[in-house]
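K.L.:
If you're matching positions, the sequence shown starts at 12 in this note's numbering and goes up one per residue.
Source of the hints: derived by calculation from the structure; they are not laboratory data. Note that the structure is predicted; figures quoted are calculated from it, not measured. Here a beta-carbon is modelled for each residue, glycine too, at the ideal position from N, C-alpha and C. Incorrect hints may appear among the rest.
Here are the computed distance ranges between Cβ atoms for each label pair [what the hints assert, rightly or not]:
| no. | residue 1 | residue 2 | range |
| --- | --- | --- | --- |
| 1 | Asp29 | Gly311 | 42 to 52 Å |
| 2 | Ala402 | Ala432 | 22 to 32 Å |
| 3 | Thr141 | Gly947 | 49 to 59 Å |
| 4 | Arg641 | Thr48 | 44 to 54 Å |
| 5 | Ala402 | Ala246 | 52 to 62 Å |
| 6 | Ala584 | Asp654 | 25 to 35 Å |
| 7 | Asp754 | Ala657 | 20 to 30 Å |
| 8 | Thr791 | Asp654 | 47 to 57 Å |
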Amino acid sequence: MRGERRRPGQVRLDDAADVMVASGLVDADYVAAQLGTTFGSTLEAARAVVDAGDVSPHPLFEAQWIGRRRSWQRAGQHPVLWYVSERRRRNRIAPHPLVDPRIIFAAYPEARHHPYGALSYWLGASGPGTPLPTRILPRKVSWSTYRAAAIAAATEWREEVVRERPPLVGPTPPLPASLGTSPAVTVVMAAQDAGPLVHQTVASLQAQSFTDWHLVAVDRGSVDDTAAVLQGVAAFDDRVTVVRESRCGLARALNVALEHGTGEHVAFLPLGREWLPEMLGDLLAHAHHSGAAAVVAGAGAVGRSRHELLGGRPVDLATALLRRDSVKDVGGFDEGLDGAVERDLLLRLTRDHEPLAVDVPVLRRPETPQPGFEDDWDSVVLERQLVDWDAAGRRETDEALVSHVMPLGPEPRRTVEWLGAVPREGSELVLVGVRMRRAHHVLAASIASVISGARFISVPAPVSMSVATNVGVVEAAGSTVVLVRPEAMPPRQPIAEQLAGVLREAGAGIAQPLVVDLDGVVLSAGARFTTDNPHPELFLAGLPTSDAERIGQCVVAAPASPLVALRTETAVALRGLDPRYHSVLAETDLGLRAQRAGLGGSVLVPEAVITSRTAYAEAEALIGAMSSLRATVLAGPRLPVDDSRAQLGTAGLEVTDERSRMVSADPEDRSAPSVLVPELVVRAVEGIRESPPRLRWAVDIAAPAAQRGDRWGDTYFARSLADALERRGQHVAIDRRDARHRDSRDHDDVLLVLRGLDRVTPRPGLLNVEWIISHPDMITPDEVAGFDLVYAASTSWSERVSREWGTPVAQLLQCTDTRWFHPDRAEPDTGPALLFVGNSRGIYRYAVRSALAIGADLTLHGNDWTDFVERDQIASGGVDNREVGALYASAGIVLNDHHLDMRRDSFASNRLFDAAACGARILSDRIDGLEEIFSGLVLPFDNEHELARLVTPPYDAFPDDATRREIATRIIAEHSFDKRAETLIDDAVRALLARR
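Produce the entire structure from the sequences given, and follow the hints as far as they go.
P.N.:
Pasting the structure below:
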């Protein structure tokens, strides 16, 4: 399985193929599956990898995964050569989503020093039954199982993508003496506003060597001289008939022309196209010789077979000859289509019989139009061949199962994130790939095949995201389906069951979560419409999530989200997403159709939150989608009643005006496509004079957005403070680092900066408050001078800087959340003997280092400790903040330490208050005020000798259980978040009233 390997010895990095063989990073069977061949040796396979370019050498090595910046391309190296030579970075690089170097190093520490890296070592040490070194998969999967899946996926990709084109039939046979009908060929032409092209086009027809034809030209209500020119041609050639129609679509005009034709065969000649003199006769000779219903000149890129037509190759009816009766049998052109009518007709004609592709010269093919953002009619046509809605309606679904359907985007990492995020119990993930590149196809198909509840479906046709979604919907096994676009990031907490529960409520047809951007600011809470504008506004866009949470679950006009949930039977009844939509606003259209069909309204569920990696839509995509949506809005009955004003009032905002905002494809070009979208103008309700006063607070913290910042202590602190403020009638938004520049902050009354690592600029017009809770060395006199109110979590420091800097800094110590931290969380001395809960912060922290140095029985919970302690000494990577109190209350002793500057300036940490509120015995590095604040619950230690003495039972230096409980009760009364909230509100109200 590992092929031919050489013992490393002297490592040479001058030949990529030799390195692959020496390192074991080449699998001949896997390479053969991608290239559709076989190899006599592993070295031969390695040479083929180097020569082929975009081919992976091994199932567990994927160049597209190891670096987004394609560093090997800049270095001019093969990716395997680059990987093994990057010795400083190699041990941190995962060469495949199912290879985690950290797991390899934990099992084989010596792998760090292997000359070809962790994967090469693991392949040498593992066998077919060895589980893959990954945490992504929900269960252990053996190396041999995944290898077989990867080879199968590579084989399937090649069979789908690499196909020989059908050969062209030639040479042209002779025409029979008798052709049956006269004229033998009806040539149809649909003309509109193209008068200058008439003479040149008709002249190429009149120059045909075969002359028994009849031209039926239908003028589609031209406003120029097209009809007059055509009639002038007809006056001099009785083989030309002109039919005048009112303004109509292309399909209607072609059907009218067919009705006036009598020939056995029909050809199509658009204005502006020209034929070589022999073309019509050659096509007719092939048609009579073969009896085919459709003969196409197959030179160039045009589709030669039904498979190629389904695969999206161009269609050119101007170089085809069809049997007229066959066209009539399939109903002619579909007049319900505004585009792709030629492809649709050919696909219906070739449902039972392949077209005949012949070797007939073509003068000039039309240029393939570049994909735009107008309606995607090719996708409409292709969906008819790919999706069987009637069969889907007859399928049984599982009420206990939620199906996630996700068309894949261009980035494999996003696919793997979803594969690792969807809950395996009660959920399935249906991935749909559309003409994907090799790396992404193989990764998605192989990983999905080894995960229970995941499936991969490949669509070989170039269809819209909406069609790809529909392909997955008809395969969904669950009774609830969640439609996911690639820009939606997996939610931090599972939300599928929550959305499914909302759909069980009366009147709920579609449920959408709250959509936020990468900064954590609301991107969309649904679509909102006005009575005089068919274009939607993204409700609550730009506001903090707290406003949506305050409004709560509510009905919206339609969803506007990259993730929505609905009943599978509803999706099938509505025929899924409209395939005309490339991507955005397809869910909005779906929601409007569901409401009008009586299948339920659209519901916003703000407690369920997802993050979008991108803006809701680029301007051009939004303009195109709104053009499509306009027809849906105007065609149906009135839209649902707009309750947005009342909903905003619930959030403490009032609407002062409504205006239109222009969205332009190019703001610098006045002629560029554009649309006007409605926009509400809001302001905050003045709540300071209410009883009790109600203010809007923006709490600014240094933690980054999304999951990166969820485990920061600042985040826990801010959430508890916000809850305490909210319990006192305040409106609070927590702005992490990335959201602090949101425009909607102007609606707030108070900016409260919880000063950690970042210096924050005060916001003009707001009451600016700074609470310094850590890192006092970073604070400067000019910083505090810029704030209206300043607090510090230290008695001594606040007194000193107030005196030295001339700016009042009030004492406001840190505090505890009494919901999670109190003595009743657990029985004393029933848990760990010595406990530390905290992240390493990239340093070997004093408390942990000291405890391990004396050989204490330390229970350690936290992140990023593996660089300092052995893995088996780490109890967990972290504990939910709501459960930490139970650990503190049950522990023999809780350890604490501070940053050096916090220790020097006596900034008591939040951990001290949390543990003290639980009545815990606490050992900490020394700061001033411990006895005054904590009354003996916290004892300092200055060295390891003191620590060893204090951690030894029976802990005589600490108060007894009853006394510790009394002290904890006092801590809860004096140092809770509720107490701090009272202080902040009282001071803020006084300061704001003093301004008036």
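K.L.:
Against the range 52 to 62 Å, how does the distance between the Cβ atoms of alanine 402 and alanine 246 compare: consistent or not?
P.N.:
holds (55 Å)
K.L.:
Is it true that the C-beta distance of aspartate 29 to glycine 311 lies inside 42 to 52 Å, as the hint says?
P.N.:
Distance hint for aspartate 29, glycine 311 holds at roughly 43 Å.
K.L.:
Threonine 141 and glycine 947, beta-carbon distance inside 49 to 59 Å?
P.N.:
Since threonine 141 and glycine 947 have Cβ atoms about 55 Å apart, the given range 49 to 59 Å holds.
K.L.:
Note whether the CB distance of arginine 641 and threonine 48 lies within 44 to 54 Å or breaks it.
P.N.:
With a Cβ separation near 53 Å, arginine 641 and threonine 48 satisfy 44 to 54 Å, so the hint holds.
K.L.:
Tell me if the beta carbons of alanine 584 and aspartate 654 are separated by a distance inside 25 to 35 Å.
P.N.:
holds (26 Å)
K.L.:
Within 22 to 32 Å or not, the Cβ separation of alanine 402 and alanine 432?
P.N.:
holds (30 Å)
K.L.:
Taking the Cβ atom of aspartate 754 and the Cβ atom of alanine 657, is their distance within the range 20 to 30 Å?
P.N.:
holds (23 Å)
K.L.:
In this structure, is the beta-carbon distance linking threonine 791 and aspartate 654 contained in 47 to 57 Å?
P.N.:
Since the Cβ atoms of threonine 791 and aspartate 654 sit about 48 Å apart, the hinted range of 47 to 57 Å holds.
The structure meets every hint from the earlier list without exception.
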